[in-house]
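Trainee: Note that the protein sequences, when read in sequence, are chains D and H. Quick note on numbering: numbering that gives the first Met the number 0 labels position 72 of the first sequence as 71, and the sequence is numbered without any gaps. Quick note on numbering: numbering that gives the first Met the number 0 labels position 245 of the second sequence as 244, and the sequence is numbered without any gaps.
Please note that the accuracy of each hint is not assured.
[As the list claims (entries may be wrong)] Under 8 Å between C-beta atoms, here's a sample of chain H residues computed to sit facing chain D:
| no. | residue |
| --- | --- |
| 1 | D401 |
| 2 | F404 |
| 3 | Y405 |
| 4 | S412 |
| 5 | F424 |
| 6 | E427 |
[Unchecked claim] Quick list of simulated restraints, FRET-style, between CB atoms:
| no. | chain 1 | residue 1 | chain 2 | residue 2 | range |
| --- | --- | --- | --- | --- | --- |
| 7 | H | P400 | D | P193 | 34 to 40 Å |
| 8 | H | P224 | D | G144 | 42 to 48 Å |
| 9 | D | D124 | H | R379 | 46 to 52 Å |
[Unchecked claim] Not close to chain H: a few residues of chain D, all C-beta gaps over 12 Å, as computed:
| no. | residue |
| --- | --- |
| 10 | P24 |
| 11 | G36 |
| 12 | R58 |
| 13 | A229 |
Since the hints were derived computationally from the structure, they do not count as laboratory data. If you're wondering where the values come from, they're calculated on a predicted model, not measured in any experiment. Glycine included, every Cβ here is placed at the ideal spot set by N, Cα and C.
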Amino acid sequence: MLVVDDLHASIGGTEVLHGLTLEVPDGEVHAVMGPNGSGKSTLAYVLAGRDPYQVTAGRVLYDGADLLAMTPEERAAAGVFLGFQHPVEIPGVPTMYFLRTALNAQRRSRGEEELGPVEFLALVDAKRRLVDMDRTLLDRAVNDGFSGGERKRNEILQMLMLEPRLAVLDETDSGLDIDALRVIAAGVSSLRAPNRSAVLITHHQRLLEHLIPDRVHVLAGGRIVRSGGADLAAELEAHGYAGLDDPGVEAFPVSTATAR
Amino acid sequence: MNAVTRPATARRPPSGTDSGLAAQILDRASEPGWPPEPGWLRAARRRAAAWVEDHGFPTTKHEDWRYTKIDAALAVPMGTPPEGAADGGASVSVGDLVGPHLSGARIVVVNGRVVPELSSTGDRLPPGARVEALAGALQRLDGRLEPSWLWRAGDYPHALRAMNDAAAVDGVLIDLPPGTVVEDPIEVVFVAMPAGQPSWSHPRVIVVAGAGAGATLGETYLSGPGGPAVTNALTQVHLGAGAQLAHHVLQGERTDSFHFSSLEARLAEGSRLSSRLLATGGRIGRHEVDVVLAGKGADVDLDGLFLTGTGQHHDNPVLVDHAAPGCTSRQLYKGVISGDGHGVFNGHLVVRPGADGTDAAQVNKNLLLSERAEVDTRPRLEINADDVACTHGAAVGQLDPDALFYLRSRGVSEREARAVLVSGFAHEILERFGSGPIRRRAEELATAAGLIVLDEDGRSSGAVTAATTRARRGGRPQ
Chain D
0 MLVVDDLHAS IGGTEVLHGL TLEVPDGEVH AVMGPNGSGK STLAYVLAGR DPYQVTAGRV
60 LYDGADLLAM TPEERAAAGV FLGFQHPVEI PGVPTMYFLR TALNAQRRSR GEEELGPVEF
120 LALVDAKRRL VDMDRTLLDR AVNDGFSGGE RKRNEILQML MLEPRLAVLD ETDSGLDIDA
180 LRVIAAGVSS LRAPNRSAVL ITHHQRLLEH LIPDRVHVLA GGRIVRSGGA DLAAELEAHG
240 YAGLDDPGVE AFPVSTATAR
Chain H
0 MNAVTRPATA RRPPSGTDSG LAAQILDRAS EPGWPPEPGW LRAARRRAAA WVEDHGFPTT
60 KHEDWRYTKI DAALAVPMGT PPEGAADGGA SVSVGDLVGP HLSGARIVVV NGRVVPELSS
120 TGDRLPPGAR VEALAGALQR LDGRLEPSWL WRAGDYPHAL RAMNDAAAVD GVLIDLPPGT
180 VVEDPIEVVF VAMPAGQPSW SHPRVIVVAG AGAGATLGET YLSGPGGPAV TNALTQVHLG
240 AGAQLAHHVL QGERTDSFHF SSLEARLAEG SRLSSRLLAT GGRIGRHEVD VVLAGKGADV
300 DLDGLFLTGT GQHHDNPVLV DHAAPGCTSR QLYKGVISGD GHGVFNGHLV VRPGADGTDA
360 AQVNKNLLLS ERAEVDTRPR LEINADDVAC THGAAVGQLD PDALFYLRSR GVSEREARAV
420 LVSGFAHEIL ERFGSGPIRR RAEELATAAG LIVLDEDGRS SGAVTAATTR ARRGGRPQ
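Isolated chain H (complex conformation) (with noise of 0.2 Å):
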């Protein structure tokens, strides 16, 4: 069963960066603030650190790093980042930046930590459901977490991963019972804050949905002012049998900021998980998703589309890995790239021995808007059953004149024709963002950064996006 090969990180011997991080980890957890730990969490913490220590940080000589150069994010000291809501001295306070409470759960984490005035989780939880910080749910449920924190210990795909594992002391669980089904979204924003300390911070998320249990996730990652901040998440998800997960992610943070995050899930059989990306932010912006469809009839649905600019670095490694029979997979990731932007994608599909019946397809398309605009695309197949059906496809292309003419010819000028078509071609990503408030979200986001939201009934999206928060904040009270 080894089909995937997973690349061991380029040794190096220790530098500066890492030389002793895990004694200065573990140092950390005598600190005050620092919340009482099973001891199976000292022992992962501990074993995480001591493989970081071994390895070292991925360079591009790694191969899954080969166009994601991270020195500048490993130059913000790796220590304590401010406590909680670090408004002092920041223009902006966390609250203008998470903005009015969607419906349903929202947790806040700043710098790391739960935020507990800015959150809530809400009071139409169904029974058993629960929505709580990690930091508590580590306590309470002691072992309950443990395999977890076992996921990838010792089989870490690169040190950033083991440091979460390493240094996540908060973030946010979600245990849904089997059969319980949260109706409305429930909303994580994570809200990096240097406020002039610029500091790592690893948050995390546990989604563990028991058999037929379902719910709607939704992740937004914002930095404030004082940066550069560095955000190392994660979210685990354990899908039971018939479990259903919708995720959405909007990463938003500042062009000064460095976002590393991963998604990895486990689905079992006949469960469903969607997650899509929206990405705007960062210096760099790392969008990890480690799928393994565990279980016979699984249903995996992942779109991505990243708008690069200029100074931006966006890399998107997808591996989905078909471990049993008859499941489905399906990625569309798209890329807009501007400026001296830099995308990435590497998608990574693997059909394991005996499961036959596989039905896959990847597509990466990437539209490049200036001549210094820079994309790297490598959709790979790896198929080792039979019966599958699989297809995989990669285009990067310029704007098409002829429709670029075609407008222009009804009066619309060169550039607002530029704009809508780079919308156009962004839009089939943004509708999978549903029809609610997670979908005026990354309208929101979009945006802000340039891109004109379409609107089927040809209302022009700056006034609808305006009306709607409007229309938000008035009626919905937090």
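Bound-form chain D, shown alone (with noise of 0.2 Å):
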């Protein structure tokens, strides 16, 4: 599904990806874990084409492909999914308009029919019970005056919408209660599949108490430092980040260990 190899990037000439290598085979949900500043973020917004990252060397591949040819619009389409730590408030534009745009927008560009109002309707309102977000919500602009909660929820709708094959979580789990994290593994958990694989980017063990990942990486000082099944997150929780990010810790063969 995924293969990074080696990538480095950088913002504002300040490289914060020193050769990162990751790979998520098809139907396995990984957890990238890591101290703040360890370019946890970075790599959610390398992988979904955000503008002012560069990529200075190293590639992506999504099925075989490489992803970082393509527009941010073209991984959408082609099943990539960001869920974004910091929603975007966008004011003036409903969040069902927004739903529906994006739906249909990536429909056209697979050479689907759009979705009609109605089945659209009956679409939206069966997965925002599964995320249980109140359908007056849906009439307000997007994430506009929504608390922490509400965007995330938010977030896990859309993904929910548009049923990506590779969805990237980036601290979708920061700030939520025990309810709302519960909602998120749920909604994570039903879109486990064979063909779809996920991404989840986070700083505490918390989420992956309720959605247990196939394998745990530690990322730190811009690199995967060690990778592990899911009891390594437990180990992080207990010991932390500290000394994880020492360039002289040497990382785990993660590409050779599964690589196809």
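Need the complex rebuilt from these two chains, each delivered in its own frame; the hints are there to steer you.
Mentor: Below, the structure written as structure tokens:
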């Protein structure tokens, strides 16, 4: 599904990712954990195609295709979804309109029929119940005046509507209460399928108690420094990240361990 | 009480354009077709024309016209415009332009004169309420309309305003006795049809609302081919105690036309005016608003949205004068400037001595969509009373790159994402056009100007607009 190979990326002339290597096979959920400033959000933005981030070396393959050569909208249409750490407010644009515009834009670019108003409303109604989101929020402008939890639910709602093949969720669990955390875990779990994958970028283990990942990677100092199974998350929670961003620490040979 | 300083128009020697203007206008009074007029009106015209001769037309040296150069409009002959619905030779008929009739009264004014065949005052007006052609009302009511011509006499803000006093021959009178409430919107459609004879017209609307009266007035300005045409319109609103007027202006003239309009309103105690503007048309569109809050507790709510494209210039001078205590005013103007368009917001908020308890807000926000787009914004406060709450602000910006990326990351193309963000910016004003037929007209005009109209149910705008148009055409006989 996703192969990140020796990725170097910088913003504003400062290199943040220093040779990041990561592979996420079809059907797997991987967690990327790491301390603040380790490059977690940079990884998310680079995968989604955010402008000011510059890839200076390395490559990213998505289903074997060069992901970095695609525009953000092409990536989305190909099935890549980024759940934002800080979902953006768009004053004046009703959430419902936003959802339908996004869904139909993706359908068009895949050569599919646009969804009519009736089908769309039925779909939205079913999905927003899954994330326990009030109907009235959908008539309001995108994230405008939404609480932190409402914004994150809105991200998951968008993910459920768009049914991506690769979901990259950037700190989607931060600042959430336990109910919201369960909703988000259930949302991600509902998409689990042999042809879908997810990358959960997180600072804490909390989400991973509700959503058991297939692999856990530790990102420190712009590289993956350790990889392991689900129990690695608990270990990190117990012992912290101290020492992990030491460039002398040898990374686990992730690429060989999971190479296809 | 000289808190408001109205700078005198820069004097200049009479040029070919305005020399002998008074004589020209008064000569026309003897032309066939010019209705017989009461003596006070002849005298008022003479005084106004003399003022124009004396002061000359505004130039960019005049503070309120600093950004708006009107030479090209002044080059258009000021002589008598083609009479009535001059469709002759035009590829578009007035009927096509004005579109289907909304519910309620509709008056169609072509080249400054009411066209009775296209107008209907409706049969649902409450007893005593009148909506009628101004020309007839001037003759019949005689002196009752004189105050309207004396409103600014001798104290004109500029020559175009004086020109309307000098040359307005027709338009609409809306006369609402105390307590009468007109439920259906009253629609006035102004059409400039130059049909190969470029000319000026000076239509006028007068609204007199007695205590507790209420109405909704929609003004639509359009123009036909064969221009350029110059529209120099004036709307005067007198609201009695507790009266209410919802006023909607749609300016969608062709981009070879020149549009100058003034809204003058005087609000008595506890009365309420809400006025909103959508301007998409004209080579020059200048939409002046001048509101005096004259009675305690009066309230005015002003919104404007100008969509200014290549080759266009939109100027929005807004003066709100708090002359009584306890009044509230709110202004929100938004500009979307693209290509080499030029937008201007010139807001002036005055609080007179003694106008304690004033609550006023003035906001102008502008979106520049190209590097050549330009906007000048000047929000001004002039406060001469204590115990007031006044806020003002202006912003000029470009599309938010974070929001743009958010949309693109969801699969929306950059082009469509930009359009959605522009529409979101405009939506706040468009939704203030209510939910009735005037809102649909506003959305049609905005759509014609390239704006996507957002729908809260997530339906796409184009299809919805077309469907409602069809339903209205089919469902309501004209």
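Trainee: Taking the hints in turn, state whether each one holds.
Mentor: To see whether the hints hold, each was checked on the structure:
1. Interface hint at D401/H: satisfied, since its Cβ lies 5 Å from the closest Cβ of chain D, which is below the 8 Å cut-off.
2. The restraint placing F404/H at the interface with chain D holds, with a minimum CB-CB distance near 6 Å, inside the 8 Å limit.
3. Interface hint at Y405/H: satisfied, since its Cβ lies 4 Å from the closest Cβ of chain D, which is below the 8 Å cut-off.
4. Restraint check, S412/H versus chain D: the minimum CB separation of about 5 Å is within 8 Å; hint holds.
5. Contact between F424/H and chain D, as hinted, is supported at the beta carbon level, the nearest pair being about 6 Å apart and thus within 8 Å.
6. Proximity of E427/H to chain D holds as hinted, the smallest CB-CB distance being about 5 Å (cut-off 8 Å).
7. For the hinted restraint 34 to 40 Å between P400/H and P193/D, the CB-CB distance of approximately 37 Å keeps it satisfied.
8. Restraint check, P224/H to G144/D: a C-beta distance of roughly 47 Å satisfies the suggested window 42 to 48 Å.
9. About 49 Å separates the C-beta atoms of D124/D and R379/H, a value consistent with the hinted range of 46 to 52 Å.
10. For P24/D, the non-interface assignment is confirmed: its Cβ lies about 24 Å from the closest Cβ of chain H, beyond the 12 Å cut-off.
11. Every beta carbon of chain H lies more than 12 Å from that of G36/D, the smallest distance being close to 21 Å; the non-interface claim holds.
12. The Cβ of R58/D lies farther than 12 Å from every Cβ of chain H, with a closest approach of about 20 Å, so its non-interface assignment holds.
13. With a cut of 12 Å on Cβ distances, A229/D stays outside the contact zone with chain H, its closest approach being about 29 Å.
The structure shown violates none of the earlier numbered hints.
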